[in-house]
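Chemist: Now for the letters of each chain:
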Amino acid sequence: MKNNILKWSLLIISSLFITGCSEFLNEEPLAASSKEDYYRTPYQLQEALNGVYDLLQSNLYNNCEWIFGEACGDDVIGNDESTANQIAELVNFRFNTSNNWILNRYTVNYRGINRANQVIANANKVKLVSTDYGKYTNVREILGQAKFLRAMFYFNLVKTYGGVPIRPETEDINNLVIPRSTKEEVYAYIEKDLREAAIMLSPKYTDDDLGKAGRGSVVGLLMKVLMYQATPGVQSEKWEELVELGDYFVTGKALTLGDILQFEEKYDEDWESLRKRLWFKPAAISAETDPVETPSSPLGDIANQYNVEYIGIYGDALNYWEIFTQKGEFYRGSVFEVMFRESADGTGGDQNEGTGIFQDLYSTRLWISPTFFDVIKNDPRVSQVIVRGGTGTPDGERVNTNDNRYLSLKWYTPKKERPLYSDDYAKNRRFMRYSEVLLMYAEALNECERGADALIQLNKVKSAANKITSSATLYTSGGYGYMRDQIWAERRLELCHEWDRFFDIVRQGRAAKIFHAFASESATMHKRGQYFVEGVNEIFPIPQTEIDLSNGVITQNPGY
Amino acid sequence: MKTVNIFKILPFFVLLVSACVEEELIMPVASVEVSKTVYGINESVVFNFTGQAQQVAIFPGDNTHNYDLFESGGNTGFVVNKGTFSYAYKQPGTYKVVVVASNYSEGAVNMLKDTTSVMIQVIDDDVTIKSLSCPRVLYDEIAAVSVNETDWLVCLPQRVLFRGQQPNIPSTQRLAVKLASDSTVLLVDGFAFSATKNYQLNNPLTLSLTAHAGNVMQYTLYMLRLPEFSVFKLNGVDGVLTRSEFNYDKMTMTVTLPAGTDKTKLVPEFTLSQGQEVFVNDMLIRSAVSEIDFSMPVVFRIRNTYPDKSYLIAETEVTVSVL
Chain D
1 MKNNILKWSL LIISSLFITG CSEFLNEEPL AASSKEDYYR TPYQLQEALN
51 GVYDLLQSNL YNNCEWIFGE ACGDDVIGND ESTANQIAEL VNFRFNTSNN
101 WILNRYTVNY RGINRANQVI ANANKVKLVS TDYGKYTNVR EILGQAKFLR
151 AMFYFNLVKT YGGVPIRPET EDINNLVIPR STKEEVYAYI EKDLREAAIM
201 LSPKYTDDDL GKAGRGSVVG LLMKVLMYQA TPGVQSEKWE ELVELGDYFV
251 TGKALTLGDI LQFEEKYDED WESLRKRLWF KPAAISAETD PVETPSSPLG
301 DIANQYNVEY IGIYGDALNY WEIFTQKGEF YRGSVFEVMF RESADGTGGD
351 QNEGTGIFQD LYSTRLWISP TFFDVIKNDP RVSQVIVRGG TGTPDGERVN
401 TNDNRYLSLK WYTPKKERPL YSDDYAKNRR FMRYSEVLLM YAEALNECER
451 GADALIQLNK VKSAANKITS SATLYTSGGY GYMRDQIWAE RRLELCHEWD
501 RFFDIVRQGR AAKIFHAFAS ESATMHKRGQ YFVEGVNEIF PIPQTEIDLS
551 NGVITQNPGY
Chain P
561 MKTVNIFKIL PFFVLLVSAC VEEELIMPVA SVEVSKTVYG INESVVFNFT
611 GQAQQVAIFP GDNTHNYDLF ESGGNTGFVV NKGTFSYAYK QPGTYKVVVV
661 ASNYSEGAVN MLKDTTSVMI QVIDDDVTIK SLSCPRVLYD EIAAVSVNET
711 DWLVCLPQRV LFRGQQPNIP STQRLAVKLA SDSTVLLVDG FAFSATKNYQ
761 LNNPLTLSLT AHAGNVMQYT LYMLRLPEFS VFKLNGVDGV LTRSEFNYDK
811 MTMTVTLPAG TDKTKLVPEF TLSQGQEVFV NDMLIRSAVS EIDFSMPVVF
861 RIRNTYPDKS YLIAETEVTV SVL
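These protein sequence lines map, in sequence, to chains D and P.
Throughout the first sequence, residue numbering follows the working numbering, covering 1 to 560 in sequence.
Throughout the second sequence, residue numbering follows the working numbering, covering 561 to 883 in sequence.
So that you can see chain P by itself, here it is in the shape it has in the complex (with noise of 0.2 Å):
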């Protein structure tokens, strides 16, 4: 008669009862940490799950992840890995961030689970202008250049040459303002801006931006014509001005003198609007008195400059040929 011996069993069979008896399920604990509670628009907000739980998810509070409404559908949160979520808010305002954590027993039969929540502020103080055009000069943009902190300078063609046609350029445009934050409010002389609005720009703009948290700045947009020559005339003879149609900026004229012309001693007379001036290779040119070589096409940089502000310049170049 075979005998087994009890005790070399036992321990298989206390082994495999043990094994068929179901894990307690612990309460788990939701706990948070972040390392500041106050952040500006799309900074990463760094969330650190420091708690006890199977499984973590996080609800940052804005809009579609606010947990208050999550029995009511169309919000949810975010689950967490590795004990770190990262977040941005894209609007300012105070977020109730809630951390859920939750222990489940197989299957998710049952289920245990904790919350804590941590209250996040999003502060918008951004001023900044990203870009400020004029979007329909006619049917072109013209965009407006930084020059300094605070001001803005577009410089504006007299005429354009579109489809063989020379038309003016009026003063009055339409402005296209692109600020860094949706936040902002901005006002032009005290009025909300308004994008179909046509501003007089013969007279400085002053453009006004408040951000949501209170922060106020104020921009200057100036606005310089390209100048050009009223008249320009050799030995008595009218220049022929053609415009590019690409560079507003940039002109050719030509002036035809009689067969047998010394061309390389001839004074120009030309005249200018108030405040502008004219160069040869950074010479200062005055009409009727200097003397010019033009057996080469001679370029004429015309500048002018904003009344009492010389850092506000527009330049022409125009080319003159004599034939």
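Just chain D, same shape as in the assembly (with noise of 0.2 Å):
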């Protein structure tokens, strides 16, 4: 009997616990936000905009952007030539469909637009507590970094799979599948993020807001768009409004808003749509002191906001190696950086604070190429970019390597900058140069028949880096080959490890020239390049796990 009693009051007491969890499950949460009532203020929205820069500290997002960029390129070989594993099946173009680091670039660019999507798409949602000019701009100048952010993710994908599908700003969960875009739609829609982007923006970003994309950063990569979109040798409106642009951020030439959106020939929309829309402050509510942008107002200069020399961020002079240091982050050359800082609290074990990728790429994984080693050894910037093994660093370090090797200096954590934790490598990563924006300047002037206008450009970089070893050696007058030539030849030296390189030989057109004779560089030493198709290698598979996942709504591409 007294079992019976046991039995029935456990059997109660067990089904209040279930009942008691069920209500538990069934409660709202009194304090949680949702997506439709999160972006109300500015503050709400600015900490989704760090969610997508925060994208660009992962591990993930720059893993593929030197695999791709620079482990591809012929500057460099390492140490995945006979090891069958995955990065090695890429950078020696041995590879399938379902490759991780095809599907990992794809999806990390992906996760990065959806979170710019949602900056994007919930801008409208933030109510301002006042109507102050200085509260639009600061809605404004978020949602104009998520737009440059959002491109920036684009551009990664085209570039590296052609045409990719374009993701709604507001997903529908039963229209998940969306086709690929043509490579012009999505060069077009990234055109159009930027364009509005350098309205949108101040020039540059200083002290608290170090690290924010401003106008510099929007329209350096614009002109690089642009680049991409253009065919070297063949006559383009790409290769003239990259001059336009050349023109605004080098020379300081005036352009208009209406300008730089193409407003007159790219846009349905009115005026005063476009400016609510971008956030600027509603001519209608204007007080008297507010400007009121129209399409003919000026865009801000931004001609004199950075500088090819070494020159730190305090006015302090540099060497070159120290400009990719933490002591060069933010110097007057420039343009954009993916900042990276220690870990706040102090710990081990971080993956997004800081990151040990330079360090693992200059110690272990890849090292200089005889072919680059060629070019750059009679170049001023040699010693100050590379560093032989078993000699010392500029800081006095040993480099404990092979002899027979070359490092490079852009990778290299000088031994006062070393954090506490190997995770927590703390270098921005300069995503853009001053010297790039001349080089493209430069690229486009010649290719707009404007070769000496093309040769100053093209000389200012090497001025610079001739005061390395007061050398005198400057480029010199030619015809379009021969100037293209010496400023691929610059672009090369001057950009070398800075995780571009393999993309900037296909959009040159001579990819398959250049890695044909990389492979047979030293038949003993690697094969890179030996198997790369042109005509199908320029780009990568889309991954097999999204045309399977598709139906076949996504195609894949020709010779994969």
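Hints were generated in silico from the structure; no laboratory data involved.
C-beta: ideal position from N, C-alpha, C; glycine also.
Be careful, since some hints might not be right.
[As the list claims (entries may be wrong)] Here are the computed lysine to aspartate or glutamate pairs in the EDC-like style, where the Cα-Cα straight-line distance is at most 16 Å:
1) P:Lys869 <-> P:Glu829
2) D:Lys415 <-> D:Asp395
3) P:Lys823 <-> P:Glu805
4) P:Lys810 <-> D:Glu538
5) D:Lys266 <-> D:Glu241
6) P:Lys642 <-> D:Asp548
7) P:Lys793 <-> P:Glu829
8) D:Lys460 <-> D:Glu309
9) P:Lys650 <-> D:Glu538
10) D:Lys513 <-> P:Asp742
11) D:Lys238 <-> D:Glu269
12) P:Lys825 <-> P:Asp868
[To be verified] Far from chain D, some chain P residues (derived; all Cβ distances over 12 Å):
13) Val639
14) Val678
15) Pro730
16) Thr816
17) Ser847
18) Val859
19) Tyr866
Each chain sits in its own coordinate frame; assemble them with the hints.
Modeler: Spelled out as structure tokens, the structure:
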């Protein structure tokens, strides 16, 4: 009998527990935010924007950047030659459509797009506490940065895979499979984002706002996007537009808001609607002292914001190698940087507050190819860009590697900047530098039959480098092909090891020629480039899982 | 004495025992479908696995993926996901594609496999020229342009300005030819193309392309010189020509006339090579006949047309200023 009472008591208590759980699960949380009511204040929108920037700091994003941009190029070789791993397959162009890194790059960039879309799609939910012009500016600049970052992610995708799906800003759970847009459509989408961001942002951010993308970052990226759409040797309006932007960025030629937007040609929307959408203060409620922007309003000058010389943020002179260290962060030639910071709590094990990727590349992963050494050995930058095993770094540290190897100092972290924990390496990545802006401008000038002007811009970069060794050797006048080759040679020297070489030679249309020569530089050392197939490997395949999940809606690139 | 009803626990016992019995390994079935068996270079071949197996691998049959050489090492296949696999062949040829279907027991202690094969023919009949240029015109590369389906034209300067010198540009030049296919054979005037040979461009060159599949196409490369004034005079005074170091087809010329000369009605005297014409604002200009206003710099457009081929044109702009 007692047993029965006990059993029944246990049963009742258990059912109470279960009922209690059930009710608890049904309870509405009192303090949680939903997507519908979260983006009410500029602060909340800023938090969402921080989430977009956060992705740039992730190991996954950065690993994808160097693997595709650098390791697939011909400036380096590494320890992935004989090992049967996924990176080895990729850099030797012996991969298949299920390669993990091909999937990783695809997904991490879409993750960034998704985060940027959250900001862009929800900006209209923000309620301001006052109608001060500055309040609108605050929201507008958040939105502008989100557009810049979204453009950056799409640019990564289109140059890697060709045309890709353009995700709706607000996802529909019933319509998740989106077919691929054409390459031209994706570029048009990127351009629109960047052109709008250019009128929304301040020229450059400083002090507490360091690291935010300003108009200089936007216009620099827009120049690059235009360059990737143009073909060397073929007249194109993209080259002309690039020259126009270079005239603005470098020589200070005036542009209006309407000019950079191409408002007359590209917009059906009326100006006031566009102002409202981009968070310019509506004209109807503007105070007398508020600026009311029009298509003919001047786009603020950025020509004096940057410098090709190696000058630190505080005006201190830097050695060339130092502009790639913490000391050189935000130096006068830095147009956009991906920021890393040591862990705020000073502990190890972090993934995003800093990254050991640079140290990994420097110490174990990649070293200089003989081909690249031949190019740089007589350049003034040689001692500042590469260092031989068994010798010493510029700050006196012995280089512990094979004596026949040269390592890149652009990835080196000086002893005094080493973090306590190896995961916390906190050196910013230089995403774009002013020297690249000058070289893009020079290339476009040459394409537009302004070779003499191109030479001036090209030699600005060379003159800065010449100061390292007091060299006086400059590039010389010549015909179109000669000038183009000089500009490309300088691009390789000045921008080496900044994770862009593969994409650069592809857009120049000479990847196959370079890779096949690269494969024969030393038969005993590596076979990189041997299997590069012209007309196929310039872009990578869409990840197989994307094809499979879409049931054929997403189609594969030719040759895969 | 507590009793246990055996029938209550019997089902659990049976379940336990049956779970321990190893599942019988079933013979897999290898079967594959392709939409066609003849493909072009780099064309995607989609293999749909239609058999039954736990694991499927495909050996496409090209270099390092040859199943017949699998045992000797160095050759591998590709794992098939979700029954579909796409591949593209880089070289023409006939390939034996082997599909390996396998079933295996836990830990792969026992494995059964079945294979099937399909023959894929890859043909290459591409006879396209992607680009054509003179890669070493002194120090520069000058591209030829495709004028129509068969004709290419390269325009060479007569001289160039380089480091203060104005050397002649010879009509014998090396050629750089980029073909759409590595398998296509190129003959120039009947002989195998050489990237290091200097070809005489004064006469048209015939470029014959023969694709691996037998397709033949002939192109012709023509060369025109960028035209220049041999002589240019105003009121008997010679013009001084200045070449651009950057643009071979754009030159400037200055003519210094005595102070007080009326610049608005000057009649230029010039000589050109045979077949060449000169225009100002689309008006044909005749030497010692046409009157021109030189109060501002005047742009002369000299046109050189290939004999009997009016669509092959080289043009130079000479901007003449009277000082």
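Chemist: The structure should be examined with respect to each hint, and the outcome stated for every one.
Modeler: Results of checking the hints against the structure:
Between the alpha carbons of P:Lys869 and P:Glu829 the distance comes to roughly 28 Å, so the proposed pair goes past 16 Å and is violated. Of the pairs offered as hints, the one joining D:Lys415 and D:Asp395 holds, with about 8 Å between alpha carbons and a cut-off of 16 Å not exceeded. The straight-line distance between the Cα atoms of P:Lys823 and P:Glu805 is roughly 29 Å, outside the 16 Å bound, and the hint therefore fails. Between P:Lys810 and D:Glu538 the CA atoms are separated by roughly 36 Å; this puts the pair beyond 16 Å, and the hint is violated.
A C-alpha spacing of about 14 Å is found between D:Lys266 and D:Glu241, which places the hinted pair at or below 16 Å, so the restraint holds. Restraint check for P:Lys642 and D:Asp548: the C-alpha separation of about 7 Å stays at or below 16 Å, so the hint holds. For the suggested pair P:Lys793 and P:Glu829, the alpha carbons sit about 5 Å apart, so the restraint of at most 16 Å is met. Of the supplied pair hints, the one linking D:Lys460 and D:Glu309 holds, its CA atoms being roughly 9 Å apart against a limit of 16 Å.
Between P:Lys650 and D:Glu538 the CA atoms are separated by roughly 14 Å; this keeps the pair inside 16 Å, and the hint holds. Between the alpha carbons of D:Lys513 and P:Asp742 the distance comes to roughly 12 Å, so the proposed pair stays at or under 16 Å and holds. Between the alpha carbons of D:Lys238 and D:Glu269 the distance comes to roughly 23 Å, so the proposed pair goes past 16 Å and is violated. This hinted pair does not check out: P:Lys825 and P:Asp868 have alpha carbons roughly 36 Å apart, beyond 16 Å.
Non-interface status of P:Val639 relative to chain D is broken: a Cβ of that chain comes within 12 Å, the nearest being about 8 Å off. With a least beta-carbon separation of about 19 Å from chain D, P:Val678 lies farther than 12 Å from that chain, consistent with its non-interface assignment. Against chain D, the non-interface label of P:Pro730 holds: every CB pair exceeds 12 Å, the least being about 16 Å. Remark: the non-interface label on P:Thr816 is consistent with the geometry, its nearest Cβ contact in chain D lying 24 Å away (cut-off 12 Å).
The claim that P:Ser847 is not at the interface with chain D holds, since no C-beta of that chain comes within 12 Å of its own (minimum 29 Å). For P:Val859, the shortest C-beta to C-beta distance to chain D comes to about 14 Å, beyond the 12 Å cut-off, and the non-interface label holds. The beta carbon of P:Tyr866 sits about 22 Å from the closest Cβ of chain D, which is more than 12 Å, so the claim that it is off the interface holds.
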